[in-house]
Structures are given as C-alpha cells and as structure tokens.
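Turn these sequences into a full structure, and let the hints steer you where they fit.
Protein chains: 2
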Amino acid sequence: MIFSSFKIDKDTPIYEQIEKYIMIQINDGMLQKGSKLPSTREVSSVLKVSRNSVVTAYENLESRGIIQSVKGKGTFVIESQQQTDNDFVLKWDERFNEYGRKCNELDIMKTEVPWKKGMISFKSIAPEEKLFDLDEIKRDFQTICANEGSKILNYGYAKGYKPLIDYLLKYMEKKGVIIQNKDILITNGFTESFDMIISVLTDKGDVVLCESPTHNTAIKIMKARGVHIVDIPMQYDGIDVEKLEKAIIEYNPKMLYIIPSYHNPTGIVMKGEKRQKVYNLCKKHNIPIVEDGFNEELLYSSSHMPPIMSLSGLGNGVVYLGSLSKILFPGLRVGWILADKKLISMLESVKRSRTIHCSTLDQALLCEYLNNGSFEKYVKKVRKYYREKYEFAIREIKNNLQYKYIYGEGGLHVFIDLGDIDARKLLKCCYENNVIFMPGDIFFPGSGGSTCMRLGFARLSNEDIKKGIKIIGQSEKEIRKQV
Amino acid sequence: MIFSSFKIDKDTPIYEQIEKYIMIQINDGMLQKGSKLPSTREVSSVLKVSRNSVVTAYENLESRGIIQSVKGKGTFVIESQQQTDNDFVLKWDERFNEYGRKCNELDIMKTEVPWKKGMISFKSIAPEEKLFDLDEIKRDFQTICANEGSKILNYGYAKGYKPLIDYLLKYMEKKGVIIQNKDILITNGFTESFDMIISVLTDKGDVVLCESPTHNTAIKIMKARGVHIVDIPMQYDGIDVEKLEKAIIEYNPKMLYIIPSYHNPTGIVMKGEKRQKVYNLCKKHNIPIVEDGFNEELLYSSSHMPPIMSLSGLGNGVVYLGSLSKILFPGLRVGWILADKKLISMLESVKRSRTIHCSTLDQALLCEYLNNGSFEKYVKKVRKYYREKYEFAIREIKNNLQYKYIYGEGGLHVFIDLGDIDARKLLKCCYENNVIFMPGDIFFPGSGGSTCMRLGFARLSNEDIKKGIKIIGQSEKEIRKQV
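The listed protein sequences derive, respectively, from chains R and F.
Reading the first sequence from the start, the letters are residues 1 to 483 in the UniProt record's numbering.
Reading the second sequence from the start, the letters are residues 1 to 483 in the UniProt record's numbering.
Just so you know, the hints here were simulated from the structure itself, not pulled from any lab data.
Where hints are given, some of them may not hold.
As the list claims (entries may be wrong) - In silico lysine-lysine, DSS-like type, Cα no more than 27 Å apart, as pairs:
id : chain 1 : residue 1 : chain 2 : residue 2
1  : F       : K20       : R       : K170
2  : F       : K175      : R       : K130
3  : F       : K20       : R       : K341
4  : R       : K10       : F       : K377
5  : F       : K130      : F       : K389
6  : F       : K175      : R       : K110
7  : F       : K48       : R       : K33
8  : F       : K377      : R       : K204
9  : R       : K91       : F       : K175
10 : F       : K48       : F       : K36
11 : R       : K36       : F       : K271
12 : F       : K175      : R       : K389
13 : R       : K33       : F       : K277
14 : F       : K175      : F       : K342
15 : R       : K117      : F       : K162
16 : F       : K377      : R       : K151
See below:
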C-alpha cells in the first residue's frame, strides 16, 4: 500500500497532504505511469480520514492531469515521473547590468540598520495610519461599487481615472496654477513620477541639478539611471541661488530638481522671493524645473505658499510632481505629474509601456474620498495632530540634545546638524540602546551631512518620542565624553 | 461692488463660483493687495445666495492665504496680483530621449484606429467584467478591513504583501514548480515584470530571442529599451526549435522570451515534448528562459500542461512571469515574477526604486479572494464561459471568412491567417462598416503577419460576434472582388 509512510500533520488540510504525498510518490518513481491507485474508500479507511478529503485530493490531481479515473476500472497515474533536472544553474548576479546593480547597492533598506522588534524607530516618515478614517473608506468603497460596478476591477486608461484627473486639475488650479494648456498623468507615486521624468529626459552622463541635501529616493533614481548629479548647497532658507546660477552656466543641466515646501530632509519652506529668483534663473537659461510638491498639504506654520509652477502662468517650463502619500493612504499607490499637455501625452505612452496604468480601484476610491469633502476635513485634523507632534519633538530635542542647528519649520520629521558629532557613530550607539534614525549623509548626493540626522516621528507616540530622544541625548553625551 | 459682473452657473457649487470669481478679480488687478471685500452678509444679499456659501468661499480663500479677515475691521486681500509670466516655454518634444520617443512611436493606442461609439471592436482581450463577482469582492473588502484595519492603506513592502506571496508560491508549487530556492516579487502586472527584466538584464544592442509573432507589448518594451530582437518563426505547434538553436549559436542571446500556453496572439499551446526540447536547448547554451504564463489558467481544451519552469527542478535558469489579468480583475494591478531567490532580491531593489511597491489594498483584496476559494469557483465558471464563446466565434469564422489557417486552440482571441488578403486593407474596409480588430503585423517584431488578424471576443455578446464577423466576411469578399 503506497500510503504506508503517510503521516498526518494537523496544521494542513488532509486533502492537500494526500495530494502532496501522491505527487512525491510519483516524483520519486514509486508510482509509475499506469500505476493504479487504491480506491478513495480504501484510502479513507486505512488513513482514518474522511472519504471526502480523499475524493477532493483525487479530483484536484485529476484536474491537474496527474491521474485519471476510468469508469469501472479505477484511478490511474497518467503523468510519469517528472523530467526535472537541477543542473540549469545561472549566476544571476553576474548577469545584472549597471542599472540593476546600482538599484541594489543604493537600496537603503538593505544597507541601513534594520528595525527590530522593541526598537524606537525615527527612520520612517510614513503617516500615522490610526488617523485614517477607515469607516469613511468603507462607505466610499460601497459608493464606487454602486456607481461604477465591476468597471473598477477592469482595465482603465494609462493617463488615469478621468474623475480623479479632473479633481486634481481643479485642486492644482486652486493652488494658483493655470491649467488650461496643461494636463495630468496619474502615477504610482513620486518614485514613479521622478523615475519616468529622469528616464525620458536624460541620457547617461547628463547633468541634473538638485539641492544638497535632498530626497534620498531622488538621489538613488538619478544615480541608478547614470545621471551626473551636481548638487547645490542649501542655505537656511533654501537653495543657494548664486551657486545655482554658476552651476547652470557651467553645466547647462537637463533640469533642476527642487523641493520648495517642507523640503526633505530639512523641512525648509522656501519663501516667495527665493522661489521667484529660482524661477527667473531657470527661465533665463531654459532649464526645466521639476518641482516636488512633497508635503505641501501639511504647511502648518507658514502662510499659503503657491508652488513655483504657479509663477509660470501659461508657460510650460515647470513640471510638478504631486503626491498625498506622506499624509494620506500611501498604500493606495497614487501620485501625479502636472505638466505641459504635449509632455504628458508622451509620458502617457511611457507609463503604458511600463505599468499600463495605476490601480483602477485605488484611483476610484481616492477620488470618491477627495470629492466628497473627506479630504479637507482630514487635512485640518492631521495638520493639528502633526503640528503638535512636531512641537513636542522640538521641545524634547532642545531639552536633550546638543546641536548646532535644527532645520526647517515643520513636517513629519526634524533635520538636525549636531555640529561636531559623527551621526553614524551616534546611530551605532543608539542602536545598541534600541533607538534608530536616518543618518544625514544618505541625503547628500556627494559627501556631506556626516554630522546630521533626520528624526521622523509621525508614527511614534509622544511617550516613545520622549524616551527615544532621551536615549539619543544620552548616547550623544557618552560619545562627547570619549572625544 | 466687485460682484457686479457675477453670473450664477447652476452646475457648480456657489462657494466655488464665488471663490473663483474673487481669484479672477485679483489676477486681473481689479482687487489689489489691501483691498477690502464686502461682508459675507452683503454678498449674500446682493447675489441672492445663502450666506453659508459666501462664508465657505471666504474661509477657503483665507486658508489659501489669499485674503485675511481682521476682527472688527473686515476681510482684506493679502495676496496681490500674481506675478505669473507666460514666457518660459520649452519645446518638450525635442527634449525626449530615444527611449521616450520610442515609447511614444510604438504606442498602438496612438497609432492604431481608435474605437468609436457604436463600433464592434475585436481589438481587446480584456476579460468580461460582468463575470466578476462584485458581491464577493465587497465581502472580501469588509474582511480585510476587519482583519488588517488601516494597515491596508499604509506603506507595504517592495517584495509584496506576504500572504499573497505565500499563496502564489503554493499556487506555483501545484503547477509542479519546485519553490524551495525560489521567491516571488509582486509587480504591477506582466508589463512591469517584463520591463524590469529587460531593464536589468540587457544593455542597448543586446540580443533577445522571441517567437514571431509574439505579444506586442513585449515587442514594444524591447524596442523601446534598445534590445536587438531576433525573432524565431512559430510553427503550427509552437516555436521552430531548429531555428531556435541556430539563433542561439549565432547570437548568444541574453534570454529567450516565450509564451508556451495560449500564446499571444496565436493561441497555440506548446506540447510537452517541445517544451522539453526548448528547455534542453537553453540549458545547454546557458540562455535564461523568460516564460510568460499568459492565460495559463484558461487552458480548457488541452489537458494539464506544466509550465517550462517545472522542468528545471532546483535549477534557476527559468524566470516565470505570472498574471491573472487576462481573466481576473485587471484593474487591480497585480502580477508576479517567480525566480531564483537571488534574482528576486535584486529585482526587489529595482522595484523599490521604480514604484516602491504595488497597492497594498489591491494585494490584500486579491489575496483574500484567492484564499477563500472564490478563485477556483470563478475559474471553473469562466473556463466554460470563454470556451463556449470561443467555439461560437470559431463557428462564425468558419461560416463567414475565407482563410488559410486558424491558429491555436483557445483563449480570449483567435488568430487567423487570411492567406492572400492584406489585413490592413481589410481593417480599413471594416472600419467604414463599424468593425475593428487587431491587424496581425503588430505582433511581428520584424516584417510579417500582413495577412493575419487577431479577433478578441471576450467582452462581446454572441450577437455582436456574429454580426461583426459577418461584416468582416462581407468586407473580405469585396476586397477579393477588387483583386
């Protein structure tokens, strides 16, 4: 009897175990093509399992073409021992091209210290999911099912879900942007938006200007794509305009990538006058501005600050990359590019050849949420929540750390220059005490930032913020003693 | 009174109209910085609108930093006429690189005749959404909300949603694949999977082998990425193995891309012996096989046919690209790559630098649907549905068309070689009679296929299939008369 070595495992459905057992017998050559299997009744009685389980197992194997039951004769193996071999072995790591290798090398999820259970992590700037109104989302889901039916589960358009595009055009219009000669492409978020822009507007070795420090994902994308990054230092109020002009003249770059509001990682909000200067400079030299609208919605301590794009009226020199992911539902992968109609039309084809389009469901759900006013209510709520958290974190930092400068004026994180302490040394010490943060150097395209750190706090309780910063402070003191 | 030229539009909320009106007045210079606005009471009485609408408009403008209300004094414009200029104009089409231009040129949504209302379109091979069980999806949504809470709306992992990966590993194991040294990366679907593979394993000018004809999206991606495509003719039972070996020896290609089951566009299912030959050839020459699992789930007329990957046992030379999109929920953007663990780890970093990860919600929803058994029931249902539709379409084709050969044995489409009629000429004629289809040449990487056509029928009623094919037949006759 082939089932002599069968042992029941309580955690797996019986039929799956029988199925697997028979497959092993076939693969081991114990059951040959043409072998007759015992009847389901026999198996059930020998193994003391329900006959239904055996029938299900046999049915599944039959539907997979492994066995066949012949009326009045019994069940037979029709698939012989599988002709698998194990010798087709390639060295995949040697087959990766430079782009693939760079993506791997620059992946901070692999290179930076990982979070472990029980740790207080200041690494993340993901939003606090407890603030999401899940009941509202449930209602929105019902609404879109009722309105759109199964369409929300079928293919959509590469450019994006029309009602969402319409909403976002209006939304950007309210920010002061003239939209009549512009259009929107829905993307999977900032990362896809920026990767597409870099992929189609630069060739290997082309120069792109950016702030230093800047968003580390942008650095990674540019480096992986072979861009020659020329970084312009940040002053306390934003990019150094004089150095920007020099670099423009020296390098004739393909574009300037800039984060004017709640800059990542510094949190600096660039003021109107400086925005105008940057705009004028780029216009004078015909350098496209790629404006990262990162966290613009969070602006809580400064007054309204229209995006740089709003300065360009009917011009088309500014490309705006929008995302709500840092405050709202980053798990729904939806961001957008607002730009000249012609540019969007070309990017639409690029999107179609990379991911076809974004999730129809995600777009419809987000659109319903935005359209029914839930978003405005939500923004008011989270602005207050994060402002209080920000102020709390600042107080704790001031009370516990010795630093040269705290940058910025808000956001979901604080960027600190410790002045004379190596942040990686500090991180190592903190790690031993179960606290981690982002070392500042990862935000610098070149060297720099070795004494800086970014503390993200959005998902931490005030208690953990207090405790964590205290530990950072103690670790800092220890290191200072050693120096 | 500044509202003298205000005209109410019934289709837009009043507060929005007031907001917009004030913005126009400011941008036109009619309202200067410091100008006092009429009180909300006055506006409401003059315009005969509810005071609430006016208050909302003023509040919105204030939160945007355009106006400011000063207690006891009134409301004032604080933002002066916007300093926009229209002169920053770039010629974007001249700034696109070769990759961008190729994506645009090869976009058949732009180059092929578009569908118009009232037309019968055989172009699409998207599934019939009426078959989707929306009520089941609603229940699944409730379940994941209950189990996962707001997590389904927050960031996830680049590799994918763990329970979904686990399900798919088991799923592939049931197809006969040994999974122990392999892993899965969740992607946005076949397009992203293949684009990533091509992006990291080939450099410009590298040779990739594929079938001719083959999936037109794969052709587009390879051409856009600068791959040198060497296409191997299809015989009636699949790729020409002799020519494949010759090409391998001549070109030492980076990979073979192949669609063994329900091949797109021909519908051919490659039999076991040929699969083994292809596998042995590639193994002998160390050429990775990229296997497109397209429509494998639909197999309805042939017996179980394990994927080529199942032949490789513990070897790692085969990469499997999976997708359910052609039968299930293509609007949920979820596909997968199953491959060697090391390769997946590198691809995970590539995914992270391109789109971070796929929609958490989509993945959780699909996973719930798959796990609770709904999928198996669904596959049984659609197999029957599409088989009947396929057989119906074949009958109509045989009754109405003159052709040289009908390829394949099923799927959501039929590929026909008309023998001596130019398919584009036929398409032009059909278009005038409100019927469109895919001309065969788009599936040929080089020249070829000019007498072929693909008819997709999944979303057409039998009535439209009958009517559409009749019109194609009549058009064909007309053209034959002219010849």
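Hint-by-hint comparison with the structure:
no.	hint	verdict
1	F/K20 / R/K170	holds (11 Å)
2	F/K175 / R/K130	violated (40 Å)
3	F/K20 / R/K341	holds (23 Å)
4	R/K10 / F/K377	holds (26 Å)
5	F/K130 / F/K389	holds (14 Å)
6	F/K175 / R/K110	violated (32 Å)
7	F/K48 / R/K33	violated (87 Å)
8	F/K377 / R/K204	violated (50 Å)
9	R/K91 / F/K175	holds (25 Å)
10	F/K48 / F/K36	holds (21 Å)
11	R/K36 / F/K271	holds (25 Å)
12	F/K175 / R/K389	violated (51 Å)
13	R/K33 / F/K277	holds (21 Å)
14	F/K175 / F/K342	holds (22 Å)
15	R/K117 / F/K162	holds (18 Å)
16	F/K377 / R/K151	holds (21 Å)
Violation of the numbered hints given earlier is confined to hints 2, 6, 7, 8, 12; the remaining hints are satisfied by the structure.
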